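A.B. asks: Here's the letter readout for the chains.
Protein chains: 2
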Amino acid sequence: MIGAETRLVAMIGFPIAQVKSPANFNRHFDTQNDDRAMIAMELTPEAVKDFIATARGWTNLDGFVVTIPHKGAVAELVDEMSPRARFLGAVNAVRRDPDGRLTGDMTDGTGFVEALKQRHFSVAGKSALVVGAGGAGSAISLALADEGLSHLVLRDLDGNRAGALAAKLRLAYGSCTVETGIPAEGAFDLVVNCSPMGMSPGDALPVSENLLDQMPAGSLAADVVTSPEITPFLEAARKRGLAIQTGAEMAAAQMIQLGQAMGIFSAENSNA
Amino acid sequence: MIGAETRLVAMIGFPIAQVKSPANFNRHFDTQNDDRAMIAMELTPEAVKDFIATARGWTNLDGFVVTIPHKGAVAELVDEMSPRARFLGAVNAVRRDPDGRLTGDMTDGTGFVEALKQRHFSVAGKSALVVGAGGAGSAISLALADEGLSHLVLRDLDGNRAGALAAKLRLAYGSCTVETGIPAEGAFDLVVNCSPMGMSPGDALPVSENLLDQMPAGSLAADVVTSPEITPFLEAARKRGLAIQTGAEMAAAQMIQLGQAMGIFSAENSNA
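Heads up: the sequence lines are chains A and B, in that order.
Sequential numbering from 1 applies to the first sequence in UniProt numbering.
Sequential numbering from 1 applies to the second sequence in UniProt numbering.
The set of hints was computed from the structure by calculation and includes no laboratory data.
It cannot be assumed that every hint is accurate.
For each label pair, taking beta carbons as the anchor points, the in silico distance ranges come out as [to be verified]:
no.: 1; chain 1: B; residue 1: S122; chain 2: A; residue 2: Q18; range: 33 to 43 Å
no.: 2; chain 1: B; residue 1: D34; chain 2: A; residue 2: G163; range: 45 to 55 Å
no.: 3; chain 1: A; residue 1: Q18; chain 2: B; residue 2: S82; range: 43 to 53 Å
no.: 4; chain 1: B; residue 1: S82; chain 2: A; residue 2: S200; range: 42 to 52 Å
no.: 5; chain 1: A; residue 1: S200; chain 2: B; residue 2: D97; range: 28 to 38 Å
no.: 6; chain 1: B; residue 1: T177; chain 2: A; residue 2: Q32; range: 51 to 61 Å
no.: 7; chain 1: A; residue 1: N210; chain 2: B; residue 2: D34; range: 50 to 60 Å
no.: 8; chain 1: B; residue 1: E80; chain 2: A; residue 2: G89; range: 54 to 64 Å
no.: 9; chain 1: B; residue 1: N160; chain 2: A; residue 2: G89; range: 54 to 64 Å
no.: 10; chain 1: B; residue 1: D34; chain 2: A; residue 2: S227; range: 47 to 57 Å
Mimicking SDA-like on lysine to any residue, the simulated pairs with C-alpha atoms at most 20 Å apart in a straight line are [claimed, not checked]:
no.: 11; chain 1: A; residue 1: K49; chain 2: B; residue 2: G100
no.: 12; chain 1: B; residue 1: K49; chain 2: A; residue 2: M1
no.: 13; chain 1: A; residue 1: K117; chain 2: A; residue 2: A243
no.: 14; chain 1: A; residue 1: K49; chain 2: B; residue 2: L77
no.: 15; chain 1: A; residue 1: K49; chain 2: B; residue 2: R101
no.: 16; chain 1: A; residue 1: K49; chain 2: B; residue 2: N60
no.: 17; chain 1: B; residue 1: K49; chain 2: A; residue 2: R101
no.: 18; chain 1: B; residue 1: K20; chain 2: A; residue 2: K117
no.: 19; chain 1: B; residue 1: K20; chain 2: A; residue 2: R56
no.: 20; chain 1: A; residue 1: K49; chain 2: B; residue 2: P45
Predicted, not measured: the structure shown is a model, and the values here were computed from it.
Backbone N, C-alpha and C fix where the C-beta goes; we use that ideal spot for every residue, glycine too.
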């Protein structure tokens with residue numbers, strides 16, 4: 001139970017009631033007998049700048065997680081950023097130093113890769129299709145390239161968005177061919193849905209049935225959507241005997257990295 | 001345990017680790033199976049203005065309690081104040097309406113009077129000495145005058161502070177004689193320590209032993225200091241067989257009023 005000496009971390013977003021991190025972190029703090037709590041703060045976009053200023057002078061706050069739609073705004077306001085957060089222009093976790101200095105990181109992509117590693121799925125030398133080049137798609141594409149992916153196809157309804165991300169990735173990772181704007185067909189080792197398709201009943205699949213049929217043995221279909229846990233896309237992949245990875249698995253794998261980015265889990269304590 | 005749907009209230013102060021309200025409120029929410037939590041936020045004075053701006057856009061926050069040293073600053077920043085908060089120029093509880101509008105109240109004095117009522121000590125027609133004309137002393141003096149006190153003596157090391165408060169009280173309550181700057185001797189029905197004397201070991205008593213000796217049967221010695229719970233002043237009064245009221249009793253009586261001021265306890269639900 002929260003008292004006056006409880007150290008705090010926060011999660012900011014709008015809306016906020018759907019997020020899983022506060023319950024996950026608070027369960028963890030509880031099992032560790034750690035007098036900490038994560039609070040979920042539903043903040044309007046207009047209040048983000050004031051929140052950042054408040055956080056500088058909020059001395060029992062150690063850091064905060066950032067979710068939609070504030071990731072880009074927070075990147076503009078913190079004092080320092082990790083290279084990956086700078087690359088993406090987005091921040092999903094901030095550490096507050098005792099002097100009020102704020103350092104941002106972006107763990108959406110590395111959390112996804114961490115979940116892959118936990119199932120012993122190696123990305124090096126493989127091909128992937130990423131559907132959706134927004135915040136999650138950008139972060140995951142960067143993390144996949146960073147893990148040695150050979151071939152990446154990006155698909156987004158907004159061709160300019162996919163093109164801009166592809167250009168940045170090509171510049172940074174010469175070893176990975178990046179394509180956009182082509183019919184997304186082929187025998188991909190990994191297909192990741194980073195679009196909202198599948199959140200609402202009746203949504204079309206993010207990829208064609210035909211594409212799923214072409215996925216080779218040992219390939220993986222992954223989704224970042226957390227609700228429903230098994231999206232129609234994952235269900236269709238599972239029916240074909242493909243391995244699947246849910247958004248919830250990604251979120252769970254990401255928790256350690258969020259805690260490290262906020263400075264409340266040490267790097268050694270990685271099974272926190 | 002806090003989750004993403006938990007409604008929040010906050011308590012702001014600097015420092016904050018010593019306050020009791022978060023533990024008291026959270027125990028209450030827990031026994032009521034109410035998915036609410038109070039968080040204790042240690043905020044520097046420089047961050048108060050930003051916090052107020054943040055609170056307007058913090059949509060799952062219902063209100064907040066304000067403690068030292070922010071009570072005056074918050075009074076300057078809210079949209080509306082109760083008459084007693086306006087009189088005192090200080091706010092210790094703020095309600096946040098769904099549109100972000102902030103309304104301040106000041107329950108330090110009425111909380112004290114509530115504790116008196118719980119022990120069936122009536123103020124009407126009586127005499128009181130209040131030591132310390134700061135935030136707590138001002139609020140308690142106002143509440144005592146409002147309850148029909150006949151005679152009030154105010155004592156403060158800062159004579160101007162006591163004088164200014166006395167002038168305001170005389171203007172508002174013609175029925176109560178208010179004196180300052182005189183030797184505080186006499187047979188008071190109620191003596192209240194609203195100074196910090198008694199918080200540190202070796203502090204002098206806030207009143208003379210001689211004054212305690214003069215207190216009549218049925219009189220009461222009260223302290224707003226919460227730590228130690230039994231101050232040397234209360235101990236000296238108890239040795240003389242006088243009734244005493246602790247700072248903790250005042251704080252407990254005030255909890256309902258804080259919840260009402262934040263709009264999370266209804267007026268009917270007064271034994272919340």
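A.B. asks: Hint by hint, which ones does the structure fall short of?
C.D. replies: Violated hints: 1, 3, 8, 10, 12, 18, 19; rest satisfied.
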